[in-house]
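The listed protein sequences derive, respectively, from chains C and Y.
All residue numbers for the first sequence refer to the working numbering, where the first residue is 1 and numbers rise by one.
All residue numbers for the second sequence refer to the working numbering, where the first residue is 108 and numbers rise by one.
Possibly wrong hints are sitting among the right ones.
[Unchecked claim] Not close to chain Y: a few residues of chain C, all C-beta gaps over 10 Å, as computed:
#	residue
1	D3
2	D4
3	F8
4	D13
5	D21
6	T41
7	G44
8	H48
9	L49
10	R61
11	N72
12	V74
13	I76
14	L78
15	H80
16	E103
[To be verified] In the DSS-like style, the derived pairs of lysine-lysine whose C-alpha atoms are separated by at most 30 Å in a straight line are:
#	chain 1	residue 1	chain 2	residue 2
17	Y	K170	C	K47
18	Y	K126	C	K67
19	Y	K126	Y	K232
20	Y	K170	C	K9
21	C	K67	Y	K198
Hints were generated in silico from the structure; no laboratory data involved.
For glycine and all other residues, C-beta sits at the position ideal for the given N, C-alpha and C.
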Amino acid sequence: MTDDDRVFKALADPTRRFLLDRLFERDGRTLSELESGLDMTRFGVMKHLRVLEEAGIVVTRRSGREKLHFLNPVPIRLIHDRWIDKYRERQVSALADLKTELEEEMA
Amino acid sequence: MTTGTETAVTTQVYRVYIKATPEAIWDAITQPEWTERYGYGGRVEYDLRPGGAYRAFATDDMKRARAEMGGGPVPDVIVDGEVVESDPPRKLVQTWRMLMDPQTEAEGFTRLTYEIAETGPGVSKLTVTHDLEGAPRLALFVGGGMESDGAGGGWSEVFSDLKTLLETGRGMRE
């Protein structure tokens with residue numbers, strides 16, 4: 001699996017997207033905090049967090065006795081730069097071509 | 108990024124794996140010939156000793172963009188700070204204050220830590236921790252929350268571009 005595959009796989013699950021949304025609201029949460037919004041066992045939440053960590057979208061840091069979870073936006077940014085920008089560019093250039101063609105017809 | 112009393116709330120963590128040696132990543136962070144090629148493109152100046160000065164300079168593009176938007180002048184030094192710990196090519200700790208905006212300037216110095224670890228032959232893990240306690244405006248800026256205002260994508264854009272540059276030999280704007 002490539003890095004991108006891992007990110008897409010991690011994002012392809014509503015529970016994991018929910019966890020990311022909670023971290024987006026407020027970063028640096030403990031497992032107990034993340035668990036509280038979900039109707040799921042602690043083990044289940046840990047499994048989802050592990051998938052997110054393996055994809056690099058969640059990074060954990062120790063702070064005293066606690067393990068805190070942080071949202072790491074870089075892998076998603078890389079996908080944005082690699083895929084989204086590319087297709088947007090093509091749309092923009094298609095529109096630019098259309099404009100040139102129309103203008104030429106009118107001239 | 109809402110307000111709260113926990114220190115964790117004000118910390119941002121970025122991690123990226125790069126096909127490059129720790130030395131190459133260290134150089135790309137600390138040398139102006141590299142920093143002008145990715146991210147916001149400003150040249151940096153580092154005195155890599157505890158207490159040594161750090162400065163990042165405005166680019167002509169930044170000055171032009173600000174003038175076009177009708178904003179005030181961009182200062183020559185846009186970020187300043189001090190080196191706290193320098194352990195090449197593994198760890199760099201520094202203070203960091205943005206001077207491009209009066210609000211971020213007033214928020215004062217924040218703490219930035221770069222950690223570089225080799226995870227395989229020619230592959231390294233760069234982890235950047237930005238402690239943004241008491242700097243909500245800067246947190247929004249470096250978190251990419253002001254991208255639609257023309258302030259760029261913050262650290263995630265910078266490190267994504269750094270990876271692109273080191274792996275392909277060309278930054279995203281090159």
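Structure-based check of all given hints:
1. For D3 of chain C, the requirement that its beta carbon stay farther than 10 Å from each beta carbon of chain Y is not met, with the minimum near 7 Å.
2. The non-interface label for D4 of chain C is consistent with chain Y: the shortest C-beta to C-beta separation is roughly 12 Å, beyond 10 Å.
3. Look at F8 of chain C: its CB is around 17 Å from the nearest CB on chain Y, clear of 10 Å, so calling it non-interface holds up.
4. Residue placement check: D13 of chain C keeps its beta carbon more than 10 Å from all beta carbons of chain Y (closest about 21 Å).
5. The Cβ of D21 of chain C lies farther than 10 Å from every Cβ of chain Y, with a closest approach of about 13 Å, so its non-interface assignment holds.
6. The beta carbon of T41 of chain C sits about 24 Å from the closest Cβ of chain Y, which is more than 10 Å, so the claim that it is off the interface holds.
7. Non-interface call for G44 of chain C relative to chain Y: holds, since the shortest CB-CB distance, roughly 23 Å, exceeds 10 Å.
8. With a least CB separation of 19 Å from chain Y, H48 of chain C remains clear of the 10 Å interface cut-off, as annotated.
9. The non-interface label for L49 of chain C is consistent with chain Y: the shortest C-beta to C-beta separation is roughly 15 Å, beyond 10 Å.
10. Distance check on R61 of chain C: its Cβ comes as close as 6 Å (rounded) to a Cβ of chain Y, failing to clear the 10 Å threshold; non-interface status is violated.
11. Against the 10 Å criterion, N72 of chain C falls within the reach of chain Y, whose nearest CB is about 5 Å from its own CB.
12. Not every CB of chain Y lies more than 10 Å from the CB of V74 of chain C, the least distance being 5 Å, so the non-interface label is violated.
13. Its beta-carbon lying about 8 Å from the closest one in chain Y, I76 of chain C breaks the requirement of being farther than 10 Å from that chain.
14. Non-interface call for L78 of chain C relative to chain Y: violated, since the shortest CB-CB distance, roughly 5 Å, does not exceed 10 Å.
15. For H80 of chain C, the shortest C-beta to C-beta distance to chain Y comes to about 8 Å, within the 10 Å cut-off, and the non-interface label is violated.
16. For E103 of chain C, the non-interface assignment is confirmed: its Cβ lies about 26 Å from the closest Cβ of chain Y, beyond the 10 Å cut-off.
17. In summary, the hint linking K170 of chain Y to K47 of chain C is not supported, as the alpha carbons are separated by about 48 Å, beyond the 30 Å threshold.
18. A distance of roughly 28 Å separates the Cα atoms of K126 of chain Y and K67 of chain C; the hinted pair therefore holds under the 30 Å criterion.
19. Under the criterion of a C-alpha separation no larger than 30 Å, the hint pairing K126 of chain Y with K232 of chain Y is consistent with the structure, at around 9 Å.
20. Of the pairs offered as hints, the one joining K170 of chain Y and K9 of chain C is violated, with about 42 Å between alpha carbons and a cut-off of 30 Å exceeded.
21. A C-alpha spacing of about 22 Å is found between K67 of chain C and K198 of chain Y, which places the hinted pair at or below 30 Å, so the restraint holds.
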